[in-house]
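Starting from the structure of chain X, add chain A where the hints point.
The listed protein sequences derive, respectively, from chains X and A.
1 is the number of the first residue of the first sequence in my numbering; add one for each residue after it.
1 is the number of the first residue of the second sequence in my numbering; add one for each residue after it.
Source of the hints: derived by calculation from the structure; they are not laboratory data.
Bear in mind that the values here come from a model prediction, so they are computed numbers and not experimental data.
Among these hints, one or two may not hold up.
Copies of the same chain look alike in the list, so a pair counts if it fits in one copy or across any two.
With a straight-line Cα cutoff of 25 Å, these simulated SDA-like cross-link-like pairs (lysine to any residue) come out [what the hints assert, rightly or not]:
no., residue 1, residue 2
1, K215, G177
2, K230, F200
3, K212, Y171
4, K212, S41
5, K32, F200
6, K32, R219
Below, each chain spelled out in residue letters.
Number of protein chains: 2
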Amino acid sequence: MEVHNRNQSMDAEHFLMTTKLLIAKPAVEEIKNHLLERCLSLKQRGIIPSMSVVLIGNSPASLSYIKNKRKMCEEVGARFQLHQLGEDVTAPEFLKLISQLNDDERIHGIIIQLPVSDHLKNLNLPNLVKPSKDIDGFHGENNQKLYAGSTNLQQLMPCTPKGIIQLLQHYDFNLQGKHAVVVGRSLIVGKPLSLLLSNFGATVTLAHSQTKDLKSLTRSADLVVAAIGKANFFNFTFFDPGRRTVVIDVGMNSLNGKLTGDVEILSVTNVVSAISPVPGGVGPMTVVSLIENLIIAAETIRHSY
Amino acid sequence: MEVHNRNQSMDAEHFLMTTKLLIAKPAVEEIKNHLLERCLSLKQRGIIPSMSVVLIGNSPASLSYIKNKRKMCEEVGARFQLHQLGEDVTAPEFLKLISQLNDDERIHGIIIQLPVSDHLKNLNLPNLVKPSKDIDGFHGENNQKLYAGSTNLQQLMPCTPKGIIQLLQHYDFNLQGKHAVVVGRSLIVGKPLSLLLSNFGATVTLAHSQTKDLKSLTRSADLVVAAIGKANFFNFTFFDPGRRTVVIDVGMNSLNGKLTGDVEILSVTNVVSAISPVPGGVGPMTVVSLIENLIIAAETIRHSY
Numbered sequence: 001m002e003v004h005n006r007n008q009s010m011d012a013e014h015f016l017m018t019t020k021l022l023i024a025k026p027a028v029e030e031i032k033n034h035l036l037e038r039c040l041s042l043k044q045r046g047i048i049p050s051m052s053v054v055l056i057g058n059s060p061a062s063l064s065y066i067k068n069k070r071k072m073c074e075e076v077g078a079r080f081q082l083h084q085l086g087e088d089v090t091a092p093e094f095l096k097l098i099s100q101l102n103d104d105e106r107i108h109g110i111i112i113q114l115p116v117s118d119h120l121k122n123l124n125l126p127n128l129v130k131p132s133k134d135i136d137g138f139h140g141e142n143n144q145k146l147y148a149g150s151t152n153l154q155q156l157m158p159c160t161p162k163g164i165i166q167l168l169q170h171y172d173f174n175l176q177g178k179h180a181v182v183v184g185r186s187l188i189v190g191k192p193l194s195l196l197l198s199n200f201g202a203t204v205t206l207a208h209s210q211t212k213d214l215k216s217l218t219r220s221a222d223l224v225v226a227a228i229g230k231a232n233f234f235n236f237t238f239f240d241p242g243r244r245t246v247v248i249d250v251g252m253n254s255l256n257g258k259l260t261g262d263v264e265i266l267s268v269t270n271v272v273s274a275i276s277p278v279p280g281g282v283g284p285m286t287v288v289s290l291i292e293n294l295i296i297a298a299e300t301i302r303h304s305y
Numbered sequence: 001m002e003v004h005n006r007n008q009s010m011d012a013e014h015f016l017m018t019t020k021l022l023i024a025k026p027a028v029e030e031i032k033n034h035l036l037e038r039c040l041s042l043k044q045r046g047i048i049p050s051m052s053v054v055l056i057g058n059s060p061a062s063l064s065y066i067k068n069k070r071k072m073c074e075e076v077g078a079r080f081q082l083h084q085l086g087e088d089v090t091a092p093e094f095l096k097l098i099s100q101l102n103d104d105e106r107i108h109g110i111i112i113q114l115p116v117s118d119h120l121k122n123l124n125l126p127n128l129v130k131p132s133k134d135i136d137g138f139h140g141e142n143n144q145k146l147y148a149g150s151t152n153l154q155q156l157m158p159c160t161p162k163g164i165i166q167l168l169q170h171y172d173f174n175l176q177g178k179h180a181v182v183v184g185r186s187l188i189v190g191k192p193l194s195l196l197l198s199n200f201g202a203t204v205t206l207a208h209s210q211t212k213d214l215k216s217l218t219r220s221a222d223l224v225v226a227a228i229g230k231a232n233f234f235n236f237t238f239f240d241p242g243r244r245t246v247v248i249d250v251g252m253n254s255l256n257g258k259l260t261g262d263v264e265i266l267s268v269t270n271v272v273s274a275i276s277p278v279p280g281g282v283g284p285m286t287v288v289s290l291i292e293n294l295i296i297a298a299e300t301i302r303h304s305y
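One chain only, chain X, in its complex shape (with noise of 0.2 Å):
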């Protein structure tokens, strides 16, 4: 017995050292410290970066995404304000509030957390909050910068694209004519990051639920990014071993009430070179991007003095 233990945990070893995790940790926590120091820097200049987070109603899941931006805000030093609404909120009342937020000086950042109740989603959401103010980074204005090609990361623009940059150069990973396939083509995940991993050099393919023959698109591709929302889809089948291929796993689906990726991470191991844990990867990497985001909001005001 003593033995066979022994044989599993090096069969373990075995694992970590073919396929590489790419946990998000360490990255989070250099960019973190940078974040503290950029804060402080502010705070010496009499600003204190603060973040406002609109909430219509109080679903747990929405709950839970905001108490991780309150805490990533308390660990940095920002401040942190959330204004929750009644799901009957009048659509003029809720536009009132965002406009009151959009002119008052003391509040960098503004988050109209989602999902929002029906009778307000024909609202031109992403555009509601001004440029300036959009840490989110969903606003047109923001979103045009991707499109033009830019690869400065000390912009406003979505966070889990950037969260995902950010990991894969924190991982060493170059972009530059790698072949990247992206599944999903969401406003917040897919298609920005289309647009960023291509300004960054790679090709890439943009592929979808009407895409035939994912696998074979898959299997030739240097980095998938999984950004389905479907449950442990991607397994080694769509995987070719040759190529060495690096995973990004953008899903947070509830399995049996337990956070699950797109991607089946035991079936990919010594499959695949290296792949984002669910959790500890896209996920803490977004939420550090959105401080971020913070940070460069309340930094572009001061030099707007």
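What follows is chain A alone, placed relative to chain X:
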């Protein structure tokens, strides 16, 4: 000799049968007839669709493009106006003209003919013309609609991508689920086209100068869009006859004084399923799409009364 000549003629027929030429003319005629009707209907309401082109200097290439725009305007019954400025025009003078045209209710579409003098290049050119008169489709607000997933061709968007979609539609090419490889990522063609193709259900790969192993991508594609600006760059080695690939040639290169595409058309004959010729393919589709944008802009003004 008689027989030899007949054989040559039969070869030519064989050529036309196996690789279909996606000639713009019938598609252009069809769209132009619609535009004639729409223009007439506007005039009956007292609105004459009017285009203003702002040209800096007098480059022969620009003057030739402008000639085509003027001709097509005349053909559908729209008004055309050229504002020619010297190459030494100051930025304030230039901006004043654009501003006057933006404010002039009799003008429905404004084009800043590219290229402009170097000292004007940092002026945020795509966003100078207001979105409702931006018939080139370069303004951020208009790009944002493509980015958000629109498949509505009756809105202002870049003319070459729009013309390519309309050419494919004319020849009944269904994009859904097809793998499209777009080579070249300019803001005028490659980037907006890749968004548009994706919106129509294609799986899109955006390739460019840093792409490694371009041939393996184009050889696995259902649709290849060649937009790199290198005469005869793509020959038969880029295509797999078994895929029956459709090729759109966006190239407008001058080779020995002759307008030449990016694809060596004789080389790919019998290898690809269909190809748009140069000249007579994407060029005329682009011009007619520009005039369509003008009519859309004029109709939108009407609706807003």
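Would you list, in rising numerical order, the hints stated earlier that this structure does not obey? 4 and 6
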